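Colleague: The listed protein sequences correspond, in order, to chains R and G.
Numbering-wise, the numbering used here puts 51 at position 51 of the first sequence, and it's gapless, one number per residue.
Numbering-wise, the numbering used here puts 273 at position 273 of the second sequence, and it's gapless, one number per residue.
Read the hints as simulated data drawn from the structure, not as lab findings.
From a predicted model like this one, the values you see are computed outputs, not experimental measurements.
The beta carbon of each residue, even a glycine, is placed where N, CA and C say it ideally should be.
Some clues are possibly wrong.
[Unchecked claim] Okay, the calculated beta carbon distance ranges per label pair:
#  : chain 1 : residue 1 : chain 2 : residue 2 : range
1  : G       : 169       : R       : 294       : 33 to 43 Å
2  : R       : 24        : G       : 169       : 32 to 42 Å
3  : R       : 261       : G       : 175       : 53 to 63 Å
4  : R       : 217       : G       : 49        : 15 to 25 Å
5  : G       : 96        : R       : 203       : 40 to 50 Å
6  : G       : 280       : R       : 203       : 47 to 57 Å
7  : R       : 217       : G       : 54        : 17 to 27 Å
8  : R       : 184       : G       : 114       : 49 to 59 Å
9  : G       : 172       : R       : 227       : 28 to 38 Å
10 : R       : 213       : G       : 48        : 19 to 29 Å
11 : R       : 287       : G       : 60        : 50 to 60 Å
12 : G       : 48        : R       : 211       : 28 to 38 Å
[What the hints assert, rightly or not] Beyond 10 Å from chain R on every Cβ pair, some chain G residues (computed):
#  : residue
13 : 98
14 : 149
15 : 166
16 : 266
17 : 279
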Amino acid sequence: MLRFFGRIAFFLSEAFRALRRSAAPSVAAIVTIVVTTLLLGVLVPVLRASESKASEVRDQIGLQVFLYRDATRAEIEALDQELAGIPHVTAVEYCAPACAKRELAAELRGDLEGSIKELNSNPLPPTFKLELDDPDNLEAVRAALTPPNSAGEPTPISSAIDPPIGQDRENATKIREVTGAVKIVLLVIAALLLIASLLLVANTIRLSIYARRREVEVMRLVGATNWFIRWPFMIEGVIVGLTGAGVAVGILLLGKVTIVDPLADDFALIDNLSTMGFAPLVAMLVAAAVLVSALGSGITLRRFLQV
Amino acid sequence: MPLLNRRRSARKRSRDTGEHKRPAPRRVQPRPKSGQPPIIEVEDGTVVYPGGQVALDRLSLQIGRGEFAFVVGPTGCGKSTLIKMLIREIEPAAGRVRIAGRDINELDPDRTPYLRRRIGTVFQDFKLLPNRTVYDNVAYALQVIGESRSQIRRKVPEILRLVGLQAKIHSYPDELSGGEQQRVAIARAFVNHPPLLLADEPTGNLDPVTSIGIMQLLYRINRTGTTVLVVTHDRDMVDKMRRRVIALEEGRLVRDEDASGYNQDESTTEFAARMRAEMGIGDEGGTNGSG
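Next comes chain G alone, as it looks inside the complex:
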């Protein structure tokens, strides 16, 4: 299984990077680094829930294109609120949220669906449809945005190969392990190759071995040029990932570290091996352990 995965992912990676490094036509603001605005730019974002509870308190952060970043913090620190704010599920009471340089809260509400088509989302509870097969779950995401049947027939098997579920294509979600279900969810989120992937506690329901597999998959997606933002409370795992970590506490940013010295060019296999070694888990676990 790992061998198969590696070969496929290598081939996929070259194709996907070719596809997604192409800059999409959008309003370009002059930026010192890359010449393009950061993919996520939050300026003094403040979210207050109806009860008066402040979920985010003047949070400011920037995430550049192609980054792999973590948001950590204890329960109730505003991590999930951040995700909801980024997909305009909730609007900030104050401050600005820019995705690829555009203030999403100034978009016409009718345009919100089109914003969400450019952002993949993955959740702790997978949000799969239990009465549809793996194939249909992924195809559903394409159907509801009006994708043609031939495109669906081409894209779905392709993305299921990428996440390593080509053998389970006709299984129903309850016949899959937690890790496999999360892979389906990731496939659904990534099937349109969005430039940004948000994951809210993607490994929250999974054991460490399976979690590494999921992280490896997210890293593989990141290597295709997609920005990946993972929200998690698993600080231990994050520290070992050696990626950028944004720490929130009570809705405020308390730490933003570009974890020094990590190897940008680490391959996904090297990454997984290192993670397993650091967490003291053997290689035999595989990626499909039950969750």
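One chain only, chain R, in its complex shape:
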């Protein structure tokens, strides 16, 4: 047992000796790990928040079916029945011109409210609002509303429908595209930074092996086992990773306390959006940093320390 602790002490002292001697590359590796961890630490909560925001928006997406103003009551009632029967449609709401005007007025509250009131007539068409079980079924429902006629052209199921079928679809697609693009860009940056960290740790360890080649040579000559030779380098890499993660977590904590927390008091929004607790986030970041640095050292040791 004593001997075990003696070895651990030996490995640690060797690792710190190496870090002191090759300070510059170690610092470079640590800084990269700090940047990577910081980015991940901001990225992960933001991504998760944007995901929940996007799905919130997507959930609100419905389909609007505009009718001709001269649609008869009988036509409207028949259509109501028909719409409710379409698969994936969970709710059908009829909105008469008066209702549409009220909604428009509510939406434009302020600037245009007065001008709408000044309108003598109501130019707005009656509308059916459909709610769907899943936004992805939008196209299917639209196709059901406008089946192709004998000539192959899409024709509305009722002559009362004023094509095209109104859509919030563009908004939905845009939101999806934007969040998707942002997500991909951020993920690519994070992946590149992870690779950079890995390579820099690998390079630090390689330089350390080079700086300590005499020690390694002596160790081999006097019969040190492979793992006895490797452990100090492994530990050196992990120390680099832990230091970087520690600094990054410190900065994140500072940012949380000084920026995010005061904002969260004012806007419940931010608090609701951050779907991840700070503790699991920190645990994840530290684990990732240690994993990356251990991997970096491991790769180098395999390549350059064949015993």
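Following the hints, position chain G against chain R.
Modeller: What follows is chain G alone, placed relative to chain R:
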């Protein structure tokens, strides 16, 4: 200094011989001479370097336990390759290398470090760690094989006394002369009392007077029962040592002479005196001349 050395070495010798004549448990093959296999047995050892250059060409030799033997030959004759092959730094393309009766190239690669713990190695360039003291250099060799701290504290001063460097224990290698540095290297190689000591040009960087001191030290180690194999290109010195000489040329064995008539029981002091006389060097040089 010589007087001190003599007294200590005499005491050391009796203790060390007691320790190392004890036969280690190993597979014993019936042998006509001693009942134990020779410590080194090379059979048709052939080493080919990646470029296709043949460094050793079907070399066969045997070295018995307790022998003091030289390997000589011009540069590039395969001397250093032989050393590397004996510690399994390189593996022969053909042939067998047995250390104490075991084919080292059939060992699990994970066991190679344990083979090297039983073989001390000394090199021309000493291979000392410049940022560690004499004590730490020797202790390092024990640390990396997992020796306990109390054992290190006992063994290191003991071996440094044997090589006559007890006064320089806290010096750094660059504060020492070449001869002293080589003594540290020998101390490191011998601190675990391996049964076999290989020296690759141990005096290559040293002047004749210092070289005799190193040879005397190696002889002293040999007298404790350790087999010593010295590789050198200094044929002149070897001839005067009157020990077994194995001559290599272009990777082939060209001469293997058990130099006749040398006195097996010559003491280390007598040995040094005779060497100095034969090489025409006075006694005043001491053993710590600068290298």
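Colleague: Work down the list of hints and note, for each, if the structure agrees.
Modeller: Against the structure, the hints:
1. For residue 169 of chain G and residue 294 of chain R, the hinted distance range of 33 to 43 Å is satisfied, since their beta carbons lie about 38 Å from each other.
2. The beta-carbon spacing between residue 24 of chain R and residue 169 of chain G, approximately 34 Å, falls within the hinted interval of 32 to 42 Å.
3. Checked against the given bound of 53 to 63 Å, the beta carbons of residue 261 of chain R and residue 175 of chain G, roughly 59 Å apart, stay inside it.
4. Our hint of 15 to 25 Å for residue 217 of chain R and residue 49 of chain G holds, since their Cβ atoms are close to 19 Å apart.
5. Between residue 96 of chain G and residue 203 of chain R the beta carbon distance is about 42 Å. The supplied range of 40 to 50 Å therefore holds.
6. Residue 280 of chain G and residue 203 of chain R have their C-beta atoms about 56 Å apart, which keeps the hinted 47 to 57 Å range intact.
7. Checked against the hint of 17 to 27 Å, the pair residue 217 of chain R and residue 54 of chain G passes, with Cβ atoms roughly 26 Å apart.
8. Restraint check, residue 184 of chain R to residue 114 of chain G: a C-beta distance of roughly 53 Å satisfies the suggested window 49 to 59 Å.
9. For residue 172 of chain G and residue 227 of chain R, the hinted distance range of 28 to 38 Å is satisfied, since their beta carbons lie about 29 Å from each other.
10. The hint said 19 to 29 Å for the Cβ distance between residue 213 of chain R and residue 48 of chain G, and at roughly 26 Å that hint holds.
11. A hinted range of 50 to 60 Å holds for the C-beta pair residue 287 of chain R and residue 60 of chain G, which are about 57 Å apart.
12. Between residue 48 of chain G and residue 211 of chain R the beta carbons are some 33 Å apart, a value that agrees with the proposed interval 28 to 38 Å.
13. Residue-level check passed: residue 98 of chain G sits 18 Å from the nearest beta carbon of chain R, beyond 10 Å.
14. Residue placement check: residue 149 of chain G does not keep its beta carbon more than 10 Å from all beta carbons of chain R (closest about 6 Å).
15. Distance check for residue 166 of chain G against chain R: the nearest CB is about 21 Å away, which clears 10 Å, and the non-interface claim stands.
16. Every beta carbon of chain R lies more than 10 Å from that of residue 266 of chain G, the smallest distance being close to 30 Å; the non-interface claim holds.
17. The non-interface label for residue 279 of chain G is consistent with chain R: the shortest C-beta to C-beta separation is roughly 31 Å, beyond 10 Å.
Against the hints set out earlier in the document, a violation occurs for number 14 only.
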